[in-house]
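Let's have the full structure, built from the sequences with the hints guiding it.
Here is what each chain is made of, one letter per residue.
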Amino acid sequence: MSVPRPIRTAAFYLLVAGIVVESVFPFYYAVTTSFKSGQAIFRVDYWPSSFSLDNYAAVLGAGHFARNILNSLIVAVATVALSLALGVTASFALARIRFRGRRMLLFTILSVSMFPQIAVLAGLFEMVSAFRLYNSLLSLVLSYLIFTLPFTVWVLTAFMRDLPRGIEEAAIMDGASPFVIVTRIFMPMLWPAMVTTGLLAFIAAWNEFLFALTFISTDARRTVPVAIALLSGASSFEVPWGRIMAASVIVTVPLIALVLVFQRRIVTGLTAGGVKG
Amino acid sequence: MADAIAERSALARFVRRRGAAAILFLAPMVIVLAAVAAWPLARTIWFGFTDASLDNLPAAKFVGLRNYFHVLTLESGRHYFSGLLVDPVWWCSVWNTVKFAAISVFFETVFGTIVALVLNAEFPGRGIVRAAVLVPWAVPTIVSAKMWAWMLNDQFGILNDLLMRLGALSHPVAWAASPDTALAAVLIVDIWKSTPFMALLILAGLQMLPADIYEAARVDGVHSVKVFWKITLPLIRPAMLVAVIFRTLDALRVFDLIYVLTPDNAQTQSMSVFARQNLFYFDKFAYGSAASTLLFLVIALVTIGFIRLGHLNAESER
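So the sequence lines, in the order shown, correspond to chains A and B.
In terms of the working numbering, the first sequence opens at residue 1 and continues consecutively.
In terms of the working numbering, the second sequence opens at residue 1001 and continues consecutively.
I should point out that these hints are in silico values taken from the structure, not numbers from a laboratory.
C-beta atoms are modelled at their ideal positions from N, C-alpha and C, and glycine is treated no differently.
Please note: incorrect hints may appear among the correct ones.
What the hints assert, rightly or not - Looking from chain A toward chain B, a few residues come up when the C-beta cut is under 7 Å (computed): (1) 20; (2) 126; (3) 136; (4) 138.
Claimed, not checked - Facing chain B, from chain A, some residues (calculated, C-beta under 8 Å): (5) 99; (6) 101; (7) 114; (8) 209; (9) 259; (10) 261.
Said to hold, decoys possible - Over the 12 Å line for every Cβ pair with chain A, so calculated as not near, a few chain B residues: (11) 1043; (12) 1058; (13) 1062; (14) 1070; (15) 1073; (16) 1079; (17) 1086; (18) 1098; (19) 1102; (20) 1117; (21) 1145; (22) 1150; (23) 1173; (24) 1215; (25) 1234.
Now the structure itself:
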C-alpha cells in the first residue's frame, strides 16, 4: 500500500526539479537566444552555444530603446512617489482616526482596484485629450494612479493598523499635530511597508501596457512594454527575434533582481493585499 | 467640576481636530481617485449611450440604447437588428473570455496548490526553489508573451522541436497563429505567468495552519492523501478563495497577453480587446464604450457574486 521512502523522496525531488525548470526555462531560453547572432538564431539549441552582443548593440544603438527605458523609469518613479505621498496620509486617516463611513470608503477604494482598465479607457482618453496631455508621460503617471493608489492605500492601512497605539498617544500628549505624527513618528516605522508597496507599484507601472499603448503616439515617448511589442524588422515579414529577446532581457533582469533581493517583502506585500483584506 | 468641563471641552477639541485632520488627509487621495477613476468611468458609460466618434468627442449626441440594441424596420417590413446584444463578434469575445478565465484559473489553482505544498515542505534548497518560482511573476506580461511567442514559433520554436523529438508531434504546429491552438497558446503563457501568484497566496494560507492538527493526524496514522483532502484543503479554502477571486477578476479583463501573442485572432479575442479595437481602430468609439461598460458590469456582478459567496461561507462556518 505505502510507497517505499527512497522512491517517495526521489519523486518529490523530481517534482521540485520539474517546477524549477518550468519556471526558469523560458527566461533562460530568451537569454541564450539574445546572445545568438546571424543565422545561429534559427537553430534550436538547448544549451548556450554562442556569445555575441550584436543584438544588444543593435537594440540599444539604433532607434529609441535607450530613451524608452528612461521613459519607463521616469513614469514608474513618479507614479510610486505620488502614490506613496497620497497613500501614507490617507491610510493614516483610514487606520487611526474614527469617522463615519470609514469602512464604506475602504471598500470603495478596494473596488477601484478591481476596475477593468478598459472601463475607464474611453473616459480617460477624453480627459487626456482635453488637457492636451496626449503623447506625454504625465498622462501615464496620472492614469497609473488608478491601480497603484488603491493598492498602496489598502496595504499601508493594513500595516498602519498593526502599529502600537502607545507611541501615538504619547505624541498626542506632547501636543504633536496629526501631520507631525504621520511624518515624524509613523513614517520611520512604516519604511518596510513603504518599500514593499513602492516596489509593487513600481513593477505595476513598469509593466503597464494598455494605457501606454493608447496615450502615446510617437516612438521616442513610448515606455518599454509597448516598445518591445512594436519592435519590428526591416520588413513586416521579418520578426527581429534576436533584438526582441535582447530588449526583453534588458528590461527583465532588473525586475528579477529586485524581486529576488526583496523576496520576503514582496511576498508579505502581496499577501497583505490579498489575505488580510 | 470645572476641571471636568475643561477636560471634556479639551477632548471635544481634540476629536474635532482629529476629524479635521482626517478630512485633510483623505481629500487629496479621494480627489485623485475621483478624477482618474470615477469620472472617466462615468464618461465611458455616457459615451456608450451616444454616437461619439474618435475625431470629435465633444459633438457626441445621446442616442439611447442604440449601441446595445436597435431594431430598424425597412420599408419592405423586414426587421434589421443591430447593437452589441445581437453582435456575434461580441458574444464570441465574451465566450472566449469566459473560457479563458475558467480554464486558466482552474489550472492555476491546481498547479498553485501543488507548488505551495512543495514550498511548505522542509527540504534543503527550498530558498532557491522559492526564488525560481517567483521568476515568471517578475517577468513583465509583454515580455512573457514575446518569449513564449518565440518558443511557440512554428518554424524555429523550441516547443515544436522538443515535442517532435519526443515523438508527440509529427509535424510542426503554428501554436499562436493557428485557430485551433491559439487559445491553448494563450492559456499556456497565462498559467505559466500567474501560477506563482496563486502559489504565494495559498502558501500564506498553509503557513497559518496549526501544526498540532498534523501531529495528531500522524499519531493516529492517517494517510497523507487523506490528511490533504480532509484537513489541509478545507483549512486553506478561505485563502484559496481570495486567490481565485483575484485571478478571476484579472482574467476577465485580460488584454496585453492576447493582444501581443495572438493579434487579430477571432478565437482568442477577449472582451477588452474587442472594446479597444472598436474604440481606436474601427472608429466606433461609442460602440467600444458600450462594450467597455458591459465588461465593467460583468466584472461588478462577478465581484458581488464572490462577496455573497464569501458571506455565505463565513456564515456556514459560524
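Against the structure, the hints come out as follows:
no.: 1; hint: 20; in the structure: holds (5 Å)
no.: 2; hint: 126; in the structure: holds (5 Å)
no.: 3; hint: 136; in the structure: violated (15 Å)
no.: 4; hint: 138; in the structure: violated (12 Å)
no.: 5; hint: 99; in the structure: holds (5 Å)
no.: 6; hint: 101; in the structure: violated (10 Å)
no.: 7; hint: 114; in the structure: holds (5 Å)
no.: 8; hint: 209; in the structure: holds (4 Å)
no.: 9; hint: 259; in the structure: holds (4 Å)
no.: 10; hint: 261; in the structure: violated (10 Å)
no.: 11; hint: 1043; in the structure: violated (3 Å)
no.: 12; hint: 1058; in the structure: violated (9 Å)
no.: 13; hint: 1062; in the structure: holds (16 Å)
no.: 14; hint: 1070; in the structure: holds (20 Å)
no.: 15; hint: 1073; in the structure: holds (30 Å)
no.: 16; hint: 1079; in the structure: holds (30 Å)
no.: 17; hint: 1086; in the structure: holds (21 Å)
no.: 18; hint: 1098; in the structure: holds (14 Å)
no.: 19; hint: 1102; in the structure: holds (17 Å)
no.: 20; hint: 1117; in the structure: violated (10 Å)
no.: 21; hint: 1145; in the structure: violated (8 Å)
no.: 22; hint: 1150; in the structure: violated (5 Å)
no.: 23; hint: 1173; in the structure: holds (15 Å)
no.: 24; hint: 1215; in the structure: holds (19 Å)
no.: 25; hint: 1234; in the structure: holds (17 Å)
Figure legend: structure checked against the earlier numbered hints; hints not met, in rising order: 3, 4, 6, 10, 11, 12, 20, 21, 22.
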